[in-house]
Structures are given as C-alpha cells and as structure tokens.
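Colleague: What follows is the residue order along each chain.
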Amino acid sequence: NAGVMQNPRHLVRRRGQEARLRCSPMKGHSHVYWYRQLPEEGLKFMVYLQKENIIDESGMPKERFSAEFPKEGPSILRIQQVVRGDSAAYFCASSPGTGEEQYFGPGTRLTVT
Amino acid sequence: GQQLNQSPQSMFIQEGEDVSMNCTSSSIFNTWLWYKQDPGEGPVLLIALYKAGELTSNGRLTAQFGITRKDSFLNISASIPSDVGIYFCAGQQGSNNDMRFGAGTRLTVKP
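First to last, the protein sequences are chains D and H.
Under the working numbering, the first residue of the first sequence carries the number 1, and numbering increases by one thereafter.
Under the working numbering, the first residue of the second sequence carries the number 1001, and numbering increases by one thereafter.
Next up, chain H with everything else stripped away, as it sits in the complex:
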C-alpha cells in the first residue's frame, strides 16, 4: 500500500517554541489530515485539507496541502505543555475512503 513518511519521529522542545513536522509520500492523495493522539485515547482530528496548495489554520496550528499532492506539513506555534502527544498525518485517496497513516511524531514540551 501507499507509504507515508512522517518526520521527525520525535521532538523535545521548550515551552513557547514553534514546532514543524511533515509527511511525504510517493503517491498522490486527495485529502490530507492531521490527528493528535493522547496516551490511551483515540486520535482526534486537528485539521483537514482538501485542495492542493491549501493552507489552513486552527488556533495555533497551521497545516498545508503540498502543491504536488504528495506532502503536507503541520506547524504549531508558541507550544504549551498540553501540546504533548503523538501527531499523525493521514492521507486519503479514492472513493473508498481508507486512510493511510504516518508513523507519528512524538512531541514532548518542557515547561
């Protein structure tokens, strides 16, 4: 199946710093989504992107759908301790709706 390469695998940052993570693929996707997962919980949808080149914000989060349709990035500005968790990118293609997930970026924020 399609492979999503997500990087970095983990990040250790100081509270107040900005964070950037990205996802790339050799396949084209029609939709890119970013989820956050807290320990013991299911992923929570943060941002969904539907058009190539689209830039969308949700509070301190900004995500972009790459022009080539093969990549996306997520930025978090002015990080706070509750940003800690695992962030997953997901790509969706075709009408069958199945999503492919990246392996995740584990974010640690030091107060």
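Looking at chain D on its own, in the form it has when it is part of the complex:
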C-alpha cells in the first residue's frame, strides 16, 4: 500500500511566479491536510479538505494561497505570485476519516529566488 505521495520533492520559483504542489493521499483516505514547516520549526496547519470540499482553511493566508481536492486526481496547493517568505517545506497528510491518525508525505521543498 503506497504511502502519501507528493511531487515535486523540490521546486524552485522566481519571485512573482506560481507554485503548484501536488499530493496524492494513501489509498482509501479521503481526508487531506496541508502543513508548512520553516527551518528549525514545527509544522503549521494550513488547510483541511475532503473530496471537493474545503473543511477548514483557518491556517491559510488570505491572499495568493488556494487549495483544492477534486473528485478525480490529487490535491493541489497553489501559491500565486510567490515571494521569498514562501520558501519552506510543505507537507501533505491524509487520514481515512475524521479524528483518525494522519500520515504524512515526504514534503515539497519550495525555494523562491
């Protein structure tokens, strides 16, 4: 059973470009979460999605960031007009249902130059 898949593992973008991060949950999991991690820090919750629905986006910046989890295909975290402060590791996690353990992917390391 494959784990949570994320791609790309590393992404370099210039200021002002768009970044698209993909996450495929574990088989049988319909709940997806995105977290951001700065160096030497813990993970900060961004958004929680179920298929086609955003359940909680309280950790997501109001501008430039969006997330989706379509009926078919992976969950996408999109960052428009990236700035240097967006440089971080972005982790996706999935769980089979509400209140159940979350399993993490390997992360996407975004570098904005």
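In short, the hints are calculated from the structure, not lab data.
Computed from a predicted model, the values in this text were never measured in an experiment.
All residues carry an ideal CB built from backbone N, CA and C; glycine is no exception.
One thing to keep in mind: the hints can contain errors.
Stated by the list, open to error - One side only, chain H facing chain D, incomplete, derived with CB under 7 Å:
#, residue
1, E1041
2, G1042
3, P1043
4, A1048
5, F1073
6, P1081
7, V1084
8, F1088
9, G1102
10, A1103
Place chain H on chain D using the hints.
Modeller: Below, chain H without anything else, positioned relative to chain D:
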C-alpha cells in the same frame, strides 16, 4: 490558536541512555500523537493516544496521555544511534481534525 509547549528543545545523550520529552498546553486535546522526522523527510507517526491516562508502548517507546488532557510525554529506553532525529508532539481537538504541533525536540545520540 492553541499553543503546544514542547521540551526540551534539544538533547545530547549517550547510546544506551533513556530519554524523556514532554508537551504541555493550556488547551484540552482529544488526541495526542508523537511523530519522528528525519532530515529531508516527512514526519512518521510513532504513537497515538486517545484517552486521558492512556499509556501506550511501541517497542522501546512509551507515551502517556495526561489525566488533565493538557499534556503528554514520550520516553525512549536504551537509545540507539538510529533514534537521532526531531520528535514532535501533536494535539488534535474537535471534529475538524486539524493538528497543532510542538516545536520539536532534536535528539542526538552519541555512540
């Protein structure tokens, strides 16, 4: 949001020693989890705790869910070099499933 205070920030120990780390919060959580993260990788779930007072073991790891629901600890017995990494506590509350993480404990094990 809820703050999780994890301590110590870092530990340097000799192989074979036991390790203890803990997490406290001013808020009540329904679930406490402990993860380990290796450099360049995502966190890996070690232990999940669901009931106040629960004590759970996973090999050399033991974790407890505090009676007040506001704290948890993780013990590692007889440490080995591959225990090196960053250990995070995480608390989960409510039905929306979002987790709050501690800042991590960086463990170094000297052979």
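Colleague: Now look at each hint and say whether the structure bears it out.
Modeller: Hint-by-hint comparison with the structure:
no. : hint  : verdict
1   : E1041 : 6 Å, holds
2   : G1042 : 4 Å, holds
3   : P1043 : 5 Å, holds
4   : A1048 : 5 Å, holds
5   : F1073 : 17 Å, violated
6   : P1081 : 22 Å, violated
7   : V1084 : 16 Å, violated
8   : F1088 : 6 Å, holds
9   : G1102 : 6 Å, holds
10  : A1103 : 5 Å, holds
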